[in-house]
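K.L.:
Protein chains in written order, with full-length UniProt numbering: chain A, 1 to 674; chain B, 1 to 295; chain C, 1 to 317.
Since the hints were made in silico from the structure, they are not lab data.
Possibly wrong hints are sitting among the right ones.
Straight-line alpha carbon distances no greater than 27 Å define the calculated DSS-like cross-link-like pairs of lysine-lysine that follow [said to hold, decoys possible]: (1) C/K128 with A/K82; (2) A/K423 with A/K464; (3) A/K78 with A/K121; (4) A/K82 with A/K3; (5) A/K78 with C/K128; (6) C/K128 with B/K28; (7) A/K3 with A/K599; (8) A/K464 with A/K539; (9) A/K510 with A/K423.
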Amino acid sequence: MQKLIEVRNLNIAYGSPAGWTNVVQGVSFEIARGEAFGLVGESGCGKSTVAYRLLGYGTVNSLVQTGEVLFDGTDLLKLDAKSLRRMRGNRIALVPQNPTTSLSPGMRVGSQIREMIATHKALPPGMSMQARIAELFALVGLPDVGHRYPHELSGGQQQRVTIAMAVACNPDLLVLDEPTTGLDVTTQRQIIQLLGDLRSRIGMAMLYVTHDLALLAQIADRVGVMYAGQLVEVAPCDQLLAAPAHPYSRGLIASIPTVAGTERQARGLRGVLRRDQMSTGCKFEPRCDFASAACRSTPQVLEPVAETRTVACMKWRESAVPETPAVKPRLDAKATAKPERLLSIADLDLTYRKPGLFDKLLGRTSPSVVRDIDLELRAGEVVALVGESGSGKSTIARAISGRLPPRAGLISLDGGLLDPALKSRSVEQLRQIQYIFQNPDVSLNPRRRIRAILERPLDHFGIKADVKTLEGVLENVGLHAGYLDRFPEQLSGGERQRIAIARALLVNPKLLICDEILSALDVSVQARIVELLRSLKEKHAVAMLFISHDLAVVQQLADRVAVLYRGELMQLAETETLLAAPLHPYTEMLLEAAPGLSKDHYVSRPPAMPASKPVPGIGCPLAGRCPRQVGSVCAETRPPVQATGSGFIRCHVPVEKLATRAAPPVEKRPAAVV
Amino acid sequence: MSTITSSPAKRFAGFDAARWRATPGPFKVGAIILLAHALFAIIGVFWTPYGFAEMGAGLPLSGASWQHPMGLDQIGRDVFSRFMHGAHIVLLLAFAGTILGMVAGTALGLLSGYIGGWFDEITQRIVEAMISIPFLALALVMIIAAGPALAGEPVLIVFVVGLVYAPRIARIARAAAMEIATREYVAVAELRGEGTWSIVWREILPNAANVLLVEFSLRLSYAPILIGALGFLGFGIRPPTPEWGLMISENRNLLIASPVTVFGPGLGLASLVIGFNLFTDGLSRMLGQRAVAGA
Amino acid sequence: MSVFRLLASRILFSALTLLLVSVLIFLILEALPGDVATRILGRDATARALEVLRSQLHLDQPALVRYFHWLGDFLRGDLGVSIATGRPIADVLGPRIVNTLLLSLFAFVIYLVLALVPAIIQATNRGKAVDNVISVITLILLSLPDFLLATMLLFLFAVAVPILPALATISEASTWQETLRAMVLPAVTLAIMMAVYAIRVLRDSLIEVLRSDYVRLAELKGLRPRAVLFRHALPNAIVPALNVTALNLGFLIGGVVIVERVFSYPGFGTLLIDALQLRDIPLIKATVMISAAVYVAANLVADVLAILLQPRLRASR
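Using the sequences and the accompanying hints, generate a full structural model.
P.N.:
Below is the structure:
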C-alpha cells in the first residue's frame, strides 16, 4: 500500500517554569492511503500531542526537538503558515474530542460547515452550497440542522456535525481525537458505525486516538500502543488483541472490562505512570512484572518481531508466555439463608424542580425525572443501577441519601422509615448510609490534609478512634500512613478515590452508595479499584448500590442489576441471568452496544416504529427506539411488569416471546485470553 | 494533568530564598513599594522636616527645592511634611475601611450564596440596589446623611468606605460560595449532617480564601483613590489634617504658580496605588485567580 | 425560555431594583433617627429656619406617607422643587443631563477605540514586549486617581502646551466647534478611566477564548487568522468586557462628578455636588435616583447584548 503520511523519529518536549519535559520520544509510524491506524494509551502518554502534530499543530509551550511528519512527501513541521492553512481542513481534517466545546457557541452549525467549504473553495462543481451542506448532514445521519446553534443539539448530534464538517472537503486523512469519549454506549457505537461507513464510502485514511482499546478493535486496521511518550508496540489490531507482545499492552488489555470476560485471567496493571520516576532504560520498567536489572538501564526501541509487528521490549518472548491462570473463585458461594432486607424503596417518584408559586396557581406539575421505582437491597449485597446518562441513576441515589426529597414514595433502611429530608434524619441513619462520589478531585476538600478529612466524620459521629484506626483504614484501601499528612492534590486520581472510600468505610456504614465512582479514572486504575471493592465487600459485609453506565464493570461486582431507562426501571435480574438472557429489549441493546475485544461488526438494530412517540408518564419510554416494539400499544399504555426467574421486566412483549430471539446474540469471545 | 507541584500549605509558608525567586515580578515590586510606603508612614507619625501645620516654613509658593521637595503652599506650609504626616492617615483609613467592608461583605455573601432560597433572594436584591447607586454618589449621600456632627471624622470615612465596599464584596463572595457549594466535598459534609455554620466555616471559607484575598487586595488598592476623591470634593477628612486628596484639592489653585504642590502629593498617592495594584496582580497570579476590576 | 420572557423578567428585575434604590435613598436621607432639619442646617440653625425647612420637606407627616408621596410624584414625572433655588427640579436637571449625555457619548466613542485596539494587540502578541508595555501603561493609568489624571491632562494641554481650553464652560451661546473643543479633555479623561479596566478584562478573556477548543478547531479548519479572530474569538470574548463596561458605568457616573468638577463642565455631576453642598434634599434624591436608573439601564442593555451575542445564554438562564 502507498504511504500517505509518515512520522519519523518525532521528539517533542513541553516547557514549563521548571524546565523541559520530554512528552514524545522517538515516535515513528506510517499510515497508508485509506488505512485506519489507532493510537492507544492511558491519559498523559502523549498520544494527542502526536496526533495534533499530524495537523502541523502544537501548543505554544511545546517544542519539536527532532523529527519529520511527511505528508505526501512534504514535511508538515517545516511548512509555512499559509501552505499549512491550505492543508488543514482541506486534506487533513480533525474530529475533536469534545464537540460541545469545539463548536463555536455563537454560530449556527450550518455556517460553521459553510465556512469550511468556502475557505477551501471545496464546493463540488455544479452544486449549491445549500445542497452540499444538506448532503453532508444526510451523510452523517442528521436531518438538516444547519440553522441550529450547537447548544440546541445533543452530544451525539454535535459530534456528527463535527464529523460532517471534517469530511466536507473530502480530506485524505482524518485525525480523530477521542471522538466518542463522553458519549453514551449506544451513541458511541453509532458514531463508530458511521465512521466505518464513511471510510468505506470516501476512502480516507484515519488516525484514531483513544484510551479505549475495545472501541479501537471495531475500527482500526493497525494499532500503536503508547506509553510515556514512546511507542511500545505496533501491530495489526486483531493480532494485538489476540496476542499482545509487550507487557504493557498485555496489562492494558487485561484491565479492560468486557461483558464476556467474567473469568479474568491475565493480570492487570499495577502502579501509575509517573514521569518523575522514570529510569533511563525502559519507561515501563517500574510497573513491569518481567523487569530485570538490564531493563532499567537499556533503552528499548521498536524491533520487528514478525512481518507486520514491532515491539519495544527485549523480554517480549518470556512475557508473552501465557501465565497459568490464577482462577479466582467466584466470591458468591451462594449463601443458603437469604440475608435480611436492608434498604427498600417503594413507588419512588422524583422531580427536580419544586413547584413555584406560579406553577401552583396554574396547576402545573413539573415532569417526573424518575417514576415508580421499587427496589430492595439485602445486607451485604451489591446491586448495580445501570443506565445511560440522564436516565436518573444518580437522582435515585440522591433521594436515598436525602439530598433530593422525593415527590412520592417511601424509602426505608433496616426496617425504619427514612425521612425524605436530610435534615430530619437521625445521626445514626446518616452514619449508616455513606455516599462516594464520581469525581474524587472534588469530593475531598483541597484545603485539608487527609488526616483532617478522615478525622472529621469520626468526630462528627462521636466514634472513638486512635492513630491505629486511621492507619488501619488506609491499609484497608491499599494506602499507608504516610498519606495522612498529604493534601488531596498531592495524590493521584485513583489514590483520591481510595481516600474517599476509606472515609466512607471509617464510620462502619451498612450501605455504600457508589455513584459512578470509576468513570473519572483510567482503565488500569479502574480495574484495581474494582478489585478493592470486591475485597471490601467480602471483609466488611457492607451493602452497595453501585451506579454505573458500564455493564462490563458492573458484571464483575454486582449480585443483581437494575436497568434504568429515562427514569423507569426496565429490568431487574441477577447479574449472570441478565448477561446470559437479557430478555428486555433495552438491556439487549445495551449489551450489544458494549464493544467486545474483537471486531464484532455491530450494526445498531433499527427501531421497529421510529415515528412513535411515548405518551409522557404513561407509555413505555423506549417506544420509538425499540427494535421489538409491537405496536402503538407500547407508546400509549403502561407496560406491564412481568416476573422473571430472578427479578422482573417491564415490557409489553411477553417474556416467552422475548426469550426466543429473531437473531442469535452476537458471540463475544474474551479475546484477552490467549 | 500532573502539573500541580506546590501544596496549599506551602503557599502560606514564610519567606525563603527559593520562593522569593519564584514569585512573580509584579508581586515583588509591589511589595517593595508598599513596604517603602509603610516605612514612610511610620516615620511620618513621629518626625517630619517641618510641622505639618506649621505656617511660614519657607517662602509661600517658592516651588521645589532641596529644603522643600514638594514646595510650599499658599500659607507657607511645607507640602512634603504634610504629605509625610498624611501617609499614615491614608493607609489607616484605607485598611480600616476595606477590612470593615470585607468582613461584612464576606459574611453576607458566603451565607447567602450557600443557603440560597429566600434569604439569598432578599439579600441579593438589596445588594443589587446598593450597587446600582454609583459608589461616589452613595458615599457622598451617606456623608450628608450622617449630619454635621460626624462630618470630617475619620470614623465616618471608614464606615462609608466599608458600606460602599460591602455589597460589592458580598457579590464576589456569594458567587464563590455558590460555585464551591456545588463541589462534592460540601455534599459529603451535608450528608454527614453538618450544620450551616460548620460547612461555611470549614468547607467553603477556606476554599473561597484565594478569591477573597485577591478581592481584598483589589479593593484595598482602590480605597486610597476613593478616600482621596472624597477629600478632593471637600467631603472627606476635616482640614487641616493633611489627607492627600484634600491637599491636592487645596493646592489646585497653585497649579500654575507651583505645580509641584499638586503633582508631588498626587504622584505620591499614585505610587501607593501602583504598589497595591502590582501586589494584587502578582497575588492573583500566584493564587491562580483573576482579579476582576469593577466598580 | 423564550427571548421575550427572558427580556421581560430582566426588565421586571430592573424595575424592582430601582424601587429598592428609592427605598434605600429615602431611608438614608430622611428616615435615619434624629431630626432631619437639624442634620441639614446644623445645630446653630435658628428655630425659624428649621420650621421653614420642616414644612418644605413635609416633615410633619409620617415617613411612610412622605415616601409614597415622593414615589408617586416621581413616577408621574414631578421631581419636586429645589430647596436652594426654588425652581422645579425638572427644569434644573434637563439641560444638565443633556450636557452630560453629550459628554458621555463623546467619551464612549473614544473609549471603544481605546479599549478594543490595545486589548486585541495584547492578546494576539501574548508574552511579547508590546503586551508587557501595554500592561505596564494600563496598570499605571489604572492607579492614577481620576481627579489627578484630569488635573494632569489639564496642566499638560491647557497650561504647559495651551492647545485646549482649561475650563469646559459651555452655554447655549457656544458654537458646536467650541463645545466640541471644550469637551475633548473631560471626554478623554473619562474614556481613559473606563478603558483601562476594560483592556485588562478583554485581554484576559480574549486570551482564554484563543485557547478554547473551538478556536483551535477553527484554526485547524484552515481558516485565516483574521477570520478566526473576528468570527470565532472576539464575539465570545467580548461578553465579559461588556459586563465590565456596564459595571464601570457606575464608575463613569462617579467619574463624571469628579471630571466635571475639575473642568467646571456644567453637567449632571456638578449639579450633584452643588446639591450635596447645599444639602438640597429633593435635588439630591432626584439626581441619585436618575444616576441609579442610568446604571440599571446600562446593565440591562449589556445583558441583552450578551444574550444576542451568545445564543447559549438564551437556554441556560
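K.L.:
It remains to establish, for every hint, whether it holds in the given structure.
P.N.:
Hint by hint, here is what the structure shows:
no.: 1; hint: C/K128 with A/K82; in the structure: holds (22 Å)
no.: 2; hint: A/K423 with A/K464; in the structure: holds (24 Å)
no.: 3; hint: A/K78 with A/K121; in the structure: holds (24 Å)
no.: 4; hint: A/K82 with A/K3; in the structure: holds (24 Å)
no.: 5; hint: A/K78 with C/K128; in the structure: holds (23 Å)
no.: 6; hint: C/K128 with B/K28; in the structure: holds (21 Å)
no.: 7; hint: A/K3 with A/K599; in the structure: holds (25 Å)
no.: 8; hint: A/K464 with A/K539; in the structure: holds (21 Å)
no.: 9; hint: A/K510 with A/K423; in the structure: holds (20 Å)
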